[in-house]
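Visitor: Since chain A is already given, all that's left is putting chain P on it; use the hints.
What follows is each chain in one-letter form.
Protein chains: 2
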Amino acid sequence: MVKIAFDVMGGDLGYQEMVKGAVMANNQDIEIILVGDENLLKNELEKYDDMKNISIVHASQLIGMDEEPATAYKEKRDASITVATRLVKDGLADAVISSGSTGAQMTAGIFVLGRIKNIKRPAIATYYPTANGIKILLDAGATPDCDKENLHQFSLMASIFGISFLKMDNPTVGLLNIGSEDKKGSILYKDAFKLLKEDSKLNFYGNIEGRDVPKGIVDIVVCDGFVGNIVLKLMEGLSSVLLNQIKENITSKIIYKIGGLLSKGAFRNIKAQLDYTEYGGAPLLGLKGISMISHGSSDAKTMMNAIFAAKRAVESKFNEELIKYFEGV
Amino acid sequence: MVKIAFDVMGGDLGYQEMVKGAVMANNQDIEIILVGDENLLKNELEKYDDMKNISIVHASQLIGMDEEPATAYKEKRDASITVATRLVKDGLADAVISSGSTGAQMTAGIFVLGRIKNIKRPAIATYYPTANGIKILLDAGATPDCDKENLHQFSLMASIFGISFLKMDNPTVGLLNIGSEDKKGSILYKDAFKLLKEDSKLNFYGNIEGRDVPKGIVDIVVCDGFVGNIVLKLMEGLSSVLLNQIKENITSKIIYKIGGLLSKGAFRNIKAQLDYTEYGGAPLLGLKGISMISHGSSDAKTMMNAIFAAKRAVESKFNEELIKYFEGV
Chain A
1 MVKIAFDVMG
11 GDLGYQEMVK
21 GAVMANNQDI
31 EIILVGDENL
41 LKNELEKYDD
51 MKNISIVHAS
61 QLIGMDEEPA
71 TAYKEKRDAS
81 ITVATRLVKD
91 GLADAVISSG
101 STGAQMTAGI
111 FVLGRIKNIK
121 RPAIATYYPT
131 ANGIKILLDA
141 GATPDCDKEN
151 LHQFSLMASI
161 FGISFLKMDN
171 PTVGLLNIGS
181 EDKKGSILYK
191 DAFKLLKEDS
201 KLNFYGNIEG
211 RDVPKGIVDI
221 VVCDGFVGNI
231 VLKLMEGLSS
241 VLLNQIKENI
251 TSKIIYKIGG
261 LLSKGAFRNI
271 KAQLDYTEYG
281 GAPLLGLKGI
291 SMISHGSSDA
301 KTMMNAIFAA
311 KRAVESKFNE
321 ELIKYFEGV
Chain P
1 MVKIAFDVMG
11 GDLGYQEMVK
21 GAVMANNQDI
31 EIILVGDENL
41 LKNELEKYDD
51 MKNISIVHAS
61 QLIGMDEEPA
71 TAYKEKRDAS
81 ITVATRLVKD
91 GLADAVISSG
101 STGAQMTAGI
111 FVLGRIKNIK
121 RPAIATYYPT
131 ANGIKILLDA
141 GATPDCDKEN
151 LHQFSLMASI
161 FGISFLKMDN
171 PTVGLLNIGS
181 EDKKGSILYK
191 DAFKLLKEDS
201 KLNFYGNIEG
211 RDVPKGIVDI
221 VVCDGFVGNI
231 VLKLMEGLSS
241 VLLNQIKENI
251 TSKIIYKIGG
261 LLSKGAFRNI
271 KAQLDYTEYG
281 GAPLLGLKGI
291 SMISHGSSDA
301 KTMMNAIFAA
311 KRAVESKFNE
321 ELIKYFEGV
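Sequence lines, in order, name chains A and P. One point on numbering: in this note's numbering, the residue at position 282 of the first sequence is 282, and numbering is uninterrupted. One point on numbering: in this note's numbering, the residue at position 295 of the second sequence is 295, and numbering is uninterrupted.
The shape of chain A in the complex, shown without the other chains (with noise of 0.2 angstroms):
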């Protein structure tokens, strides 16, 4: 059975949310282990029935959004992050999962999991909704300053996690530019391009920009994490700026609001297909071990799908593909 360490303590809304995701992902043939305050989480799991393939292990310390991750990490050898990422490397999980700090749950990963050998840097691989499917993003922020060796290994990683994870063939990689001519873009984007140009491994496409990120028009966008990460939270900011648009426009009149409870369906289609909550987790690409990030403000359903996505990781053993592909170089 797939045993999952979930980090408990980190997330916006509580250990109880997440302890609740846990509860609804319960009896999918999953081993689940919360990893926390052991008198907090078992007074919660109280709360509820059917406790069956859900266990305990105490961390008595937590890293917060703010702490600087290094400083913490040493400081806090009990910390929850670190508790949890410990399971994977020793073998008593097979993934970890966390909606808690960013940067505690890299540099745990990156300490206590370790590089794969010849990675350079991680790269947090997101996966979006677009007009034409499931694509991948990544960096999205766990490496904000990378040379052009960083976005080669990035476009390889995401090409192996694509085809193994999201069953791609034969994955279509771009470079996301300022112009699709090959020449466009800084000093490191053009020294990139002619990387990713040469390495007939990769299916590459050439430069993308940045309207053709939603559009979805290759699968895998490759960036630096400064650039991933800002793109990233543009298009969540910017959907909802616009929905929300929409709402107060059509509640402005009467027959706006008639016309609008009518096609009220419409909009309930369009909603779940920008539905973050349904992917759940991003995986940190580059490590000896699965770590899976969930946005901070993840919700109960949101940490279950986080669940169902790193099993479907695991079993899709797209780490083993990684190590064995990068050792091998």
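Honestly, I wouldn't trust all of these hints.
The list treats identical chains as one, so a pair stands whether inside a single copy or across any two.
[Stated by the list, open to error] Here are the simulated lysine-lysine pairs, DSS-like style, with alpha carbons at most 25 angstroms apart: (1) Lys324 with Lys247; (2) Lys74 with Lys184; (3) Lys76 with Lys183; (4) Lys233 with Lys197; (5) Lys120 with Lys190; (6) Lys183 with Lys233; (7) Lys148 with Lys233; (8) Lys271 with Lys257; (9) Lys76 with Lys148; (10) Lys74 with Lys183; (11) Lys120 with Lys89; (12) Lys194 with Lys233; (13) Lys233 with Lys271; (14) Lys52 with Lys74; (15) Lys190 with Lys74; (16) Lys184 with Lys76; (17) Lys148 with Lys194; (18) Lys257 with Lys247; (19) Lys3 with Lys253; (20) Lys317 with Lys215; (21) Lys167 with Lys215.
The set of hints was computed from the structure by calculation and includes no laboratory data. Quantities reported herein were computed from a predicted structural model and do not represent experimental measurements.
Guide: Coordinates of chain P only, in the frame set by chain A:
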């Protein structure tokens, strides 16, 4: 009377559409100088009636979207964008506008007009609609490789521009970053943060995230030209993808369709709120003369608005303010 030099040979829709835009802006207390192939333009203008205040200056060459700007500038001394920019340099026009190659317009701006003393690099300042009114974002692509001093100068230039041109009152400046906390970011952005924070002349808000851009929580969003270009094209692309999704969903069932018809007016409002054609042109800040860039796909109405925007830009005297500020430093 304000005189606008209009390079009509650039733009995706052809000179006919550009001339139409000029005709639409005619009789508005503006002198419009069309720059391009004299024979073509004369024939085109003959289609219209009242041509007072529109004149033609001949340019025998044009620079295409795919040409390398610096090379094209050197090899095509009689290119329309160069000739139009020279009219500003020689005092024969107050501003130049174009929807041709941005790189070519910038190169002409730097070589013909020259940079304002003490300005290291120019920036394209776009203004865009948000949930909270019109806001400024720069750099939209003039300087893809920035250093911290560039970002500092962009902040100062945009503040002066915002006050003079958009009548902003003590505009807030946000640094676009991967977290709102003070110490977040890539090396460049961490360094820039310190510089902006130290400058008491700026109304510095601090770091903002991608999701804050469409919300409009600051008056001025500062970032390098690589990030800014991607952000703007992403906003454009995502709005259009979302509006298409709405259309598709609403037409998928007859009941939704009826609802959609009743609430049509609401969607017209939303589209108008997202209509970038109302704005027209983005100035290239940092030059000893006004050069305003329009979108390559601009139609006649957009170019009419670009002419009006250029007139307002001249009358606002923002560039005199910039020159006074930086030459006095």
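Visitor: Each of the hints needs a verdict: does it hold here or not?
Guide: So, going through the hints one by one against the coordinates:
1. In this assembly of identical chains, Lys324 and Lys247 lie within 25 angstroms of each other by CA distance neither inside one copy nor across copies; the values are 50 angstroms within and 46 angstroms between.
2. In this assembly of identical chains, the alpha carbons of Lys74 and Lys184 lie at most 25 angstroms apart only when taken from different copies (19 angstroms versus 42 angstroms within one copy).
3. Taking the closest pair of Cα atoms, Lys76 and Lys183 come within 25 angstroms of each other only across two copies (21 angstroms); inside a single copy the shortest separation is 47 angstroms, beyond that limit.
4. In this homomeric assembly, Lys233 and Lys197 come within 25 angstroms of each other (Cα to Cα) only across copies, at 24 angstroms, whereas the closest approach inside a single copy is 29 angstroms.
5. Taking the closest pair of Cα atoms, Lys120 and Lys190 come within 25 angstroms of each other both inside a single copy (20 angstroms) and across two copies (22 angstroms).
6. Taking the shortest Cα distances, Lys183 and Lys233 sit within 25 angstroms of each other only across copies (18 angstroms), while inside one copy they are farther apart (28 angstroms).
7. Taking the closest pair of Cα atoms, Lys148 and Lys233 come within 25 angstroms of each other both inside a single copy (24 angstroms) and across two copies (23 angstroms).
8. For the identical chains of this complex, Lys271 and Lys257 are neighbours both inside a copy (18 angstroms) and across copies (18 angstroms), given an alpha-carbon limit of 25 angstroms.
9. With identical chains, the CA atoms of Lys76 and Lys148 are never at most 25 angstroms apart, being 34 angstroms at best within one copy and 34 angstroms at best between copies.
10. For the identical chains of this complex, Lys74 and Lys183 are inter-copy neighbours only, at 19 angstroms across copies versus 44 angstroms inside a copy, given an alpha-carbon limit of 25 angstroms.
11. In the homo-oligomer, the alpha carbons of Lys120 and Lys89 lie at most 25 angstroms apart inside one protomer (20 angstroms), although the nearest pairing across protomers, at 50 angstroms, exceeds that limit.
12. Taking the shortest alpha-carbon separations for Lys194 and Lys233, only the inter-copy value of 24 angstroms comes in at or below 25 angstroms, while the best intra-copy value is 29 angstroms.
13. In this assembly of identical chains, Lys233 and Lys271 lie within 25 angstroms of each other by CA distance both inside one copy and across copies; the values are 17 angstroms within and 23 angstroms between.
14. Taking identical chains as interchangeable, the C-alpha atoms of Lys52 and Lys74 are never at most 25 angstroms apart, the minima being 35 angstroms within one chain and 75 angstroms between chains.
15. In this homomeric assembly, Lys190 and Lys74 come within 25 angstroms of each other (Cα to Cα) only across copies, at 23 angstroms, whereas the closest approach inside a single copy is 38 angstroms.
16. When the C-alpha separation of Lys184 and Lys76 is checked against a cutoff of 25 angstroms, the pair qualifies only between copies, where the shortest distance is 21 angstroms, while the shortest distance within a copy is 45 angstroms.
17. Proximity of Lys148 and Lys194 under a CA criterion of 25 angstroms is satisfied intra-copy only: 9 angstroms inside one chain copy versus 27 angstroms between copies.
18. Proximity of Lys257 and Lys247 under a CA criterion of 25 angstroms is satisfied in both settings, with 9 angstroms inside one chain copy and 17 angstroms between copies.
19. Taking the shortest Cα distances, Lys3 and Lys253 never come within 25 angstroms of each other, neither inside one copy (53 angstroms) nor across copies (44 angstroms).
20. Within a single copy, Lys317 and Lys215 get their C-alpha atoms no closer than 29 angstroms, and across copies no closer than 40 angstroms, so neither meets the 25 angstroms cut-off.
21. Taking CA atoms no more than 25 angstroms apart as the test, Lys167 paired with Lys215 passes inside one copy only; the shortest distance there is 20 angstroms, against 36 angstroms between copies.
Hints 1, 9, 14, 19, 20 from the list above are not met by this structure, while the remaining hints are.
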